[in-house]
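Residue-level listing of the chains:
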Amino acid sequence: MTKSELIERIAARQLQLSAKDVELAVKTIIEQMSQTLASGSRIEIRGFGSFSLHYREPRLGRNPKTGETVELAGKYVPHFKPGKEMRDRVNESLGTTF
Amino acid sequence: MTALTKSEMAELLYEELGLNKREAKEVVEHFFEEIRTSLEENEQVKLSGFGNFDLRDKSQRPGRNPKTGEEIPISARRVVTFRPGQKLKARVEAYARTR
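So the protein lines, in turn, are chains Y and F.
End of the first sequence sits at 116 in this note's numbering; the numbers just go up one at a time, nothing left out.
End of the second sequence sits at 192 in this note's numbering; the numbers just go up one at a time, nothing left out.
Chain F extracted, bound-state conformation (with noise of 0.2 Å):
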């Protein structure tokens, strides 16, 4: 089965909705990118029946160049997590318990 893409994503709304195709578009562009600009600022992302995207701060940790052996750090760095709502879960699950 083919993953999602955003081409298909304006293709329903286009369908569905009666969007043109450039608004389509446009509106499936600015959804992930209003995502991303909320977390670049620090900001959760809660969308209610599918989940939260959390951000969070990890100092640094020792880690070593798989290669070489070396030892180098791991930088401070902050990363998003997705933590799926219980909506989302039982969709999931519910799938699972068809296979």
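Just chain Y, same shape as in the assembly (with noise of 0.2 Å):
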């Protein structure tokens, strides 16, 4: 599913909502989700997971073309934890075909 299909499906289940405004809600959603890694806080949404961003420490690297040794600096990667609600339901589909 593209982010377009899951607009789709959202002003799909919605009656009052035109196909405009969910796509505005989808994006204003995806960026203020963004923006919240990109400042350094979580996110927390009961039943889906929780967003935080996981420390690399740094670590020598190397240009895979010439071979020289790099330094790579320390960084943060954004990172997810599906909640007890989707694993479950997740792990339910397997064996199902669909």
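No wet-lab data here; the hints were simulated from the structure.
One should not assume that every hint holds.
[Said to hold, decoys possible] Stretches of chain Y that chain F covers, calculated by requiring three or more beta carbons in the stretch to come under 8 Å of a beta carbon on chain F:
1. 20-30
2. 33-42
3. 65-73
4. 77-90
[Unchecked claim] Some chain F residues judged to face chain Y by a derived CB distance under 7 Å, without partners named:
5. A96
6. L97
7. S100
8. L105
9. E116
10. H123
11. F124
12. E127
13. N135
14. E136
15. S141
16. F175
17. L181
18. E186
Because the structure is a prediction, the values reported are computed rather than measured.
Glycine included, each C-beta is placed from N, C-alpha and C at the ideal position.
Combine both chains into one complex, guided by the hints.
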């Protein structure tokens, strides 16, 4: 499912909002989530999961082309931990075919 | 700093887009529910600019009860993984450089 399919599916369930409103809402939600992580905060959605930042230690890497050693600075990467309802629902689908 | 939750998300839709409070709450609810439904149907979710939610099937593997040390197999399962997109990764790294 892509972002535009997500917008269509929400719009199909929403009788009062236009597809345009749903599109703006989805884009606003995604931007707010990105902004939250980009400012170092967490996102917590019960039954869905939480997003946080994980720190990666500085390390020595290698330029794959030249083989030269390069120092890579420590960095933060986004991390998602699925919530219980998400884990259970996804796992229950194992063994079923769609 | 406190975490972002569904109520702040609905609040922003009310303030910025002028949805009424009930519509704002519903659309946030549906946003997460449609993603879960898609994943539950074994369908990957790709939100460009943010990231992809992928599914991985893991086979049974040996495990241990950490309390008793008893060996018990961890059953085969399907799990969700999130792969952040380039744009989100770049924004998060830009934040890290300011610290």
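Results for each hint:
Beta-carbon proximity to chain F at under 8 Å applies to 5 residues in the stretch 20-30 of chain Y; the threshold of 3 is reached and the given coverage holds. Closer than 8 Å: that is the beta-carbon criterion, and the stretch 33-42 of chain Y has 5 residues meeting it against chain F, so the requirement of 3 holds. Residue count for the stretch 65-73 of chain Y with a Cβ under 8 Å from a Cβ of chain F: 6. That meets the three needed, and the coverage hint holds. Proximity of the stretch 77-90 of chain Y to chain F, defined as three or more residues with a beta carbon under 8 Å from a beta carbon of that chain, is not established by the 0 residues found.
Given the 7 Å rule on beta carbons, the hint for A96/F holds: about 4 Å separates it from the nearest Cβ of chain Y. Taking 7 Å as the C-beta contact cut-off toward chain Y, the hint placing L97/F at the interface holds, the least distance being around 4 Å. The beta carbon of S100/F is not positioned within 7 Å of any beta carbon in chain Y (closest approach about 11 Å), and the interface hint is therefore violated. For L105/F, the interface hint holds, the least distance from its beta-carbon to any beta-carbon of chain Y being 6 Å, beneath 7 Å.
Of the supplied interface hints, the one on E116/F holds, with its beta-carbon coming within about 6 Å of a beta-carbon of chain Y, less than 7 Å. At about 5 Å, the closest approach between the beta carbon of H123/F and any beta carbon in chain Y falls short of 7 Å, and the interface hint on this residue holds. With 7 Å as the threshold, the beta carbon of F124/F comes within range of chain Y, its nearest partner Cβ sitting at about 6 Å, so the hint holds. At about 5 Å, the closest approach between the beta carbon of E127/F and any beta carbon in chain Y falls short of 7 Å, and the interface hint on this residue holds.
The beta carbon of N135/F comes within 6 Å of a beta carbon in chain Y, closer than 7 Å, and the hint placing it at the interface holds. A hinted interface residue such as E136/F counts as satisfied when its beta carbon comes closer than 7 Å to some beta carbon of chain Y; here the least separation is about 6 Å, so the hint holds. A cut of 7 Å between beta carbons decides the hint on S141/F: the least distance to chain Y is about 6 Å, and the hint holds. Taken as an interface hint, F175/F checks out: its beta carbon lies about 3 Å from the nearest beta carbon of chain Y, inside 7 Å.
Using the Cβ-Cβ criterion of 7 Å, the hint placing L181/F at the interface with chain Y is satisfied: the shortest such distance is roughly 6 Å. Interface hint status for E186/F: upheld, as the beta-carbon distance to the closest one in chain Y is roughly 5 Å, under 7 Å.
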